[in-house]
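Visitor: Going line by line, the protein sequences match chains G and Z. Residue numbers are given in the numbering used here: position 95 of the first sequence equals residue 95, and the series is strictly consecutive. Position in the second sequence (from 1) plus 282 gives the number in the numbering used here.
Just to be clear, a hint being listed does not mean it is correct.
Subject to a maximum C-alpha distance of 25 Å in a straight line, what follows is the list of computed SDA-like cross-link-like pairs (lysine to any residue) [what the hints assert, rightly or not]: (1) Lys315/Z <-> Thr58/G; (2) Lys315/Z <-> Leu11/G; (3) Lys315/Z <-> Arg149/G; (4) Lys77/G <-> Pro430/Z; (5) Lys40/G <-> Ser402/Z; (6) Lys315/Z <-> Ala82/G; (7) Lys315/Z <-> Leu76/G; (8) Lys315/Z <-> Gly50/G; (9) Lys286/Z <-> Lys77/G; (10) Lys315/Z <-> Arg12/G; (11) Lys77/G <-> Pro353/Z; (12) Lys286/Z <-> Ala82/G; (13) Lys40/G <-> Ser414/Z; (14) Lys286/Z <-> Thr81/G; (15) Lys286/Z <-> Val73/G; (16) Lys315/Z <-> Ser170/G.
Covered by chain G, per the in silico footprint, the following chain Z stretches (three or more residues, Cβ under 8 Å) [stated by the list, open to error]: (17) 320-328; (18) 335-344; (19) 348-355.
In case anyone wonders, no lab produced these hints; they're calculated from the structure. Virtual Cβ for every residue (Gly too), placed ideally from N, Cα, C.
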Amino acid sequence: MIKMFDRTRRLRLLITLLVLASVTVVTIDFRTEGDGPLDKVGRAALTVLGPIQEGLMTIGRPIGNFFAGFTQVGSLKERITALEGEKAALRNERELIQDIQRENESLRALLDLNERLGFETLAAQVIGVSPSNFERTIFIDQGRAEGVRKDMPVLAGEGLAGRVVSVGRSSATVLLITDRASAVAARLSSSGRTGIIEGQNTGILRFELLDPATLVSLGDKVVTSGHDRGLYPSGIPVGSVVDVPPPGTNLSRAVSVQPFVDFSSLDHVLIVVGQGRRERER
Amino acid sequence: MIWKRSLLVALLAITGLALETTLFGSLTLTGTKPELLLLITVALAIGEGPALGATAGFALGLATDLVLELPQGLSALTFTLAGYAVGRVRMHVQTPTAWLPMALVSVTTFAAVLFYGGISFLLGEPISVFRSLRHAGLAAGYNALLTPFVFPLVRGLAARLRPRMTEVIR
């Protein structure tokens, strides 16, 4: 019995001493600025541990990596989700930048064309495209209030796009040159031979030459001739010849022309509201 | 007698710290590492009683603090109390089951991590209650999973280095 009490007392004494020692270490560490007396012991322990750690790392790294895959499944999944979100955001941003670049290029081309031709123009944004398969028209955000009138020619970045066919207060409808109802007096810029450019409701225009014997080569440029009672001023680029059928016995002859304007990505157009520099030069 | 015990604790401290800083450094359970030295302390306390549990806890805790650059003495205090408490509890269990070590390890780990967090907070460390609870729960689960592997090894080593009765009587 006495022995048992003795053991209990010794145990209590031991635990009291250990707790006191711990608290003393905590206090010393808390009050010491910089290196304390036990830090040297820690560094010595690290010296002993170093080679063992190195050896264990060499052996244990492949094992650790293998199991880490399992144990980190949760955090890896979270990371994958976050990265996928980031990727989607970056993709959106990239697409936005590409869109802005394309818009910038389109506007620059439009300005260049305007500069070259010297017309008095009004910029407009394409706000809609006809959903019909039977007509090729677009809707623009400028109308009567801004001075837009019926039959005014409309230019896009690379050349002629069409003409205004109906005008609302603040919007207008443009008949594209690719529409079957469109006909534009035009000439070959190389030889000056004239004809009529007609739409076919496809991406290719039909250039009906007035003189069937005219010599036409692939790549020849076609521009407006201005012969349609001033509807389209002369010299506006329309397209280039892409197909030349051999001259036949017919009284007329038509070649295929690829328009300069890419009608599938029309964002901005210029409405020709006056002759501008041309009129002044006249 | 003392040298055998000292050798046991030193061996376990070096092995435990080396494993904790290498293999288990990357083996995290959703960001939480196991408390390997605490697990060793508990295993010693279950097998050898509160006296060795507390002494080993102090030594292993102090080694943890010094090597891992933690606030000195905090782990020592935590492991000392954990070793003593587990040893006392084990003394009162008459018929231990196979699950007892796992249960004691997980409960002790959970309590010890919270105790450590609480003392750190009192000493001015910015500790989040939610993070502490999460860390305590995950560390308890992780240690419980490691118990079937670590416990027999520590018990086996302790039994080999246990002083013989003749040494004790002398």
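Visitor: Now tell me, hint by hint, if it's right for this structure.
Guide: Evaluation of the provided hints:
no.	hint	in the structure
1	Lys315/Z <-> Thr58/G	holds (20 Å)
2	Lys315/Z <-> Leu11/G	violated (32 Å)
3	Lys315/Z <-> Arg149/G	violated (77 Å)
4	Lys77/G <-> Pro430/Z	violated (29 Å)
5	Lys40/G <-> Ser402/Z	holds (23 Å)
6	Lys315/Z <-> Ala82/G	holds (23 Å)
7	Lys315/Z <-> Leu76/G	holds (16 Å)
8	Lys315/Z <-> Gly50/G	holds (20 Å)
9	Lys286/Z <-> Lys77/G	violated (48 Å)
10	Lys315/Z <-> Arg12/G	violated (33 Å)
11	Lys77/G <-> Pro353/Z	violated (34 Å)
12	Lys286/Z <-> Ala82/G	violated (53 Å)
13	Lys40/G <-> Ser414/Z	violated (30 Å)
14	Lys286/Z <-> Thr81/G	violated (53 Å)
15	Lys286/Z <-> Val73/G	violated (42 Å)
16	Lys315/Z <-> Ser170/G	violated (68 Å)
17	320-328	violated (count 0)
18	335-344	holds (count 6)
19	348-355	holds (count 6)
Hint compliance for this structure: hints 2, 3, 4, 9, 10, 11, 12, 13, 14, 15, 16, 17 are broken, all remaining hints hold.
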